[in-house]
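**Q** One letter stands for each residue in the lines below.
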Amino acid sequence: MADGLVAVLARGRLARILGMAALLVVSAAIPLVGPQLMRVFIDEAAAGRPVTLLVAVAGGYVAVSFVQQTLRVLVTSASTHLTWAATNELREKVARHILGLDLSFHERHSPGELIERADGDVTALTSFASSFLVQFVGSAVTLLGVLVVVFVEDWRVGLGLAGFVVVAGVTIGRVRHSAVPMAVERRAASAALFGELEERLGGAEELRANAGGAFAIRRFQRALERLIRVSRRASLASRTNWVVTLTVFAAGGVASLLAGTLLFQAGSISLGTVYLLFRYTDLLRGPLEAISDQLPKAQEALAGVSRVRQVLAERSAVPDDGRATLPPGPLSVELDGVRFAYTPDTDVLGGLSLTVEPGTVLGVVGRTGSGKTTVTRLLLRLLDPTDGAVRIAGTDVRHVRLADLRKRVALVTQDVQLFAASLRDNLTLFGAHRADDDEMVAVLRDLGLGDWYRALPDGLDTVLGPGGAGASAGEAQLVAFARVFLRDPGLVVLDEATSRMDPVSEARIERAVTMLLVGRTAIVIAHRLGTLDRADRILVLERGRIAEHGPRQALADDAGSLFAGLLAAAAGGVR
Amino acid sequence: MTERRPSTWRLAGRLAWYRPGLLLLSLVFFVAASSSMVLIGWLLQQIFTTLGGGAAAGFDGLGLIAVLAAVEVTRIAASWAGVLRTLYWERLRGLLRLNLLRAQLASGGPGAGSLPSSTGEAVSRFRDDVDDFLYLCEMTVFVAGELLFAVGAITIMLSIDPLMTIAVLLPLAAMVFTTRSVSNRIRDRRVAYRRASGAVAGLLGEMFGAVLAVKTAQAGGGILGRLAELNERRSRAGLRDQLATDLLDTFNRLTVDLSVGLVLLLAVPAMHSGRFTVGDLALFAGYAAALVAMPRYVGRLIAGHRRAGVAVDRMTALLPAGSPAALVTHRPLFDAEPPPAPYLRAPGPLRSLQVRGLTAVHPGSGRGVHDVDLTLTAGTLTVITGPAGAGKTTLLRALLGLLPGQAGELFWNGEPVADRAAFLVPPRSAYVPQVPRLFSEPLRDNLLLGSEDAAGLDGVVRSAVFDDDLAAMPDGLDTAVGTRGVRLSGGQVQRVAIARALVRRPDLLVLDDVSSAMDVHTERQLWDRLLTRSDRALLVVSNRPATIARADQVVRLDHGRAHPGRERLAA
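In order, the protein sequences belong to chains A and B.
This note's numbering puts the first residue of the first sequence at 1, with every later residue one more than the last.
This note's numbering puts the first residue of the second sequence at 1, with every later residue one more than the last.
So that you can see chain A by itself, here it is in the shape it has in the complex (with noise of 0.2 Å):
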């Protein structure tokens, strides 16, 4: 089932498994020995035995109950441990396995979803492992222990409790399964009305502005009524499997001393023993709630091992199986007829041709969806061309190792990805890209970041991002620039990188990207022209072909180019 996860949570820890199962035994079959002790206490003392016995007796009571607390902390302690080890080691493997799996992956799955899999299936995954082995081993023993002693004692009582366990056993595992369907509505219509409310509070400024405010209102009444509804169907269920369970236990208690009291009567056996066969009754429901709250988990834990699975066996559609390097200084770049598209008839690509020099500056024009910004996930090998390549130094970026790739090749866009780390981790990102602080700090002031810099209160060691020290827009994409100055590529690629930028953040960036862009190539694409200023030549794209290409100033100078209607357009004087 299982097979190669549970070998990963199994490898290298098997002594330790194997000690703890030793260590568990010996602790379930503990809880028997209390009952008994009460035995021997109520027959001796009817018997009138020496005060000295039943005073040792009372003592090894307490001593008994000493070690059998003693031994369940260290079991519980050593299986959390060992279970945290494997919940670790799995989850990075998980994580790694994600991270590096092709962008149309990323984009089929969401955060939320690849989280889950990483974190939610995986702790569920070794959680029930570890609960597994103490709850069902552990009940199990001490079940079994029970009734043999039980048999030993009287075999006639041995065989009711035998027949009861089947009984309580089956009747318990039947009705916990029926209430889980409940329990699962239950969770989803929870989990819609907390998206609901999440909704609307994000949105509660337009709300309020925009007078929408009774409109959420009704939807989440009717949210909430469902949610209400269903609670109710899950609460009965689940309130009336509870009292199955309180039923069944409670006949066990009534028959055992009614047995008791039979066999008492009919001088078969002792008052203790009535006492000591009471006891085990009762002893037994814990074992047997553990035994069937295993097996829903189990099910949950086994549809989690297979979403788990299946996120390990899918595989990258960029294959980093490249052994080139790229050769240091600006890089020129070549589409050779790339075609790309994500269904067969849709191209969002169409046979694309052109070369960049190295040294010189591409800018790139086009409206929404004319396929920019695929050509920059091409570039950088976050996809592959469905036909036609895409070299880079000569070499087709395929041949080329990923990491000297993305080393070489760095992009900036319009969404920035500060992370909830400090200024320093945010910079090197974790330490990917080695810099000392003196650099970092030289970088930011080149940026025109100093003055924010020195405002930060723990310097490079200023926690960013939500819940840190803020950084407006404009501030969190110059530390995205920072990333880049801080590496050394021979092609840069800008996607809109300044499109969300004031005058003022962009005057600072401009001077620190014209620094950047000597004695590399580059590749601009940007709705604002006035960035483009600095292009070689100009690309304008219109649906995944070239509507125009040429060399910036004979476009800008030639009134019938599509680029010098854009920036007439952009300038605002002619309609």
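For the record, the hints were derived by calculation from the structure and aren't laboratory data.
Nothing here was measured: the structure is a model prediction, and the numbers come from that model.
Built from N, CA and C at the ideal position, the CB exists for glycine as well.
Don't take every hint at face value.
[What the hints assert, rightly or not] Some chain A residues close to chain B (C-beta under 8 Å, calculated; not the full set):
1) G48
2) E92
3) P111
4) Q221
5) S231
6) V243
7) Y275
Given the coordinates of chain A, work out where chain B should sit on it, guided by the hints.
**A** Just chain B now, with coordinates in the frame of chain A:
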């Protein structure tokens, strides 16, 4: 908060009294279940005493067992009826959430609460704080039932043997103290563990959410290293948490066994003399096991009360200032409420809007806007421009009354406006923020937001330059936009939000940097279409030259202060 709010108990009581009949009925069942527990312990004593040859109350052993069975049936029935309570708490949770949401979404007026700093924060108040407050109600009823049992059990034990009763209760009393100190530690460790878990999930979320940045910068190794670190931290916190809980549990069980051990020791001479029967022994052992949880329950109640107090404070922060009782207002859960009577009378269509001395400062950073004067006239476009952090968005939100504690005055056609938040709503004004939020409903609902006026949709869709996009959608207005509109592009979301604002035909349209994700063509079309009406004033934040060129008035903001730009910039 300086003024005193009603005590937590008072608020909880008021809430619990929502449907008194239901509450009392469920209490009756609870009392029945508790007292049958006492009775069962006593019956066991009688049975063993009878078997041991002692005198019992009128029945023989088998008769007593029959009575025991009957009491068990009563207890089980009462437990089953306890489901009423669970359902009642669920309704009370709904009521609290409904009250909070009403305060959060009210556009001004006496019922409007203040908005929290972040959505996550607000959601956690709706979820966790509501649960914490309800926990107090549940725990109070539960502990009351347990106390009833304890009083009954202790009375019976005292009547049998006072000395042994003390022997049972002494270890339990010790438990009260240890439980309190240990449970604080457990809570700290639980909090630490939750925080460590949150850090792991948070990093995974950022890693998968920012997968583009992580991959393109080849940052996987670094970030996985951090994951390993956080994993390790979480496992340590998890172990400590588990151990603390285990130790308390162990301590509990040891206490019971110690109590029973003490009873055994003291029983030796008494049993020899026949004063103490086997039945008494069974009774003491049974009651001791049931009573041991008592200190823990009381501890939980005390902690629950403390937590509920914090929860009430956090929830009342979402309510209008000075009205914490609004949290527990009784109202029907599901009935649609009649629309509130218009809070403010309409002073006629907009001719001019004057803003004087508008000031709004963020309490933490001191950033904001200071003393801004502004006059908007119907039929004109006013553009606010300036660098990042200059206070452009703050200015809009303060003007609309969306920020607390602002100063300044507002005059609509010369008449002063007292409650900006209540006044500047459709049909007088509509607002589109920088990053508009769509909801998961179909496009039509997103546009209408409950408005009945569906006839004008075609017109507003065209005005917002969304007509071509809409024509390309096979399902038209029934198109599902996905969670929060993810199926639309950034530019499309902005234009849908503009159309949504236009649905209610506002006199004043306030747009915060809405053209940031639009290309030049679309942007030009947008201004062409929005500027056709002479009865509408546009107030727009933008830094784009193409927008500024169309403005009748430009206000340049810098460090929160306004510098009027050239009027009529474009020819």
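**Q** A separate judgement is required for each hint: does it hold in the structure or not?
**A** Hints, one by one, checked against the model:
no., hint, result
1, G48, "holds (7 Å)"
2, E92, "holds (6 Å)"
3, P111, "holds (4 Å)"
4, Q221, "holds (5 Å)"
5, S231, "holds (5 Å)"
6, V243, "holds (4 Å)"
7, Y275, "holds (6 Å)"
Comparing the model with each numbered hint stated earlier shows that all of them hold.
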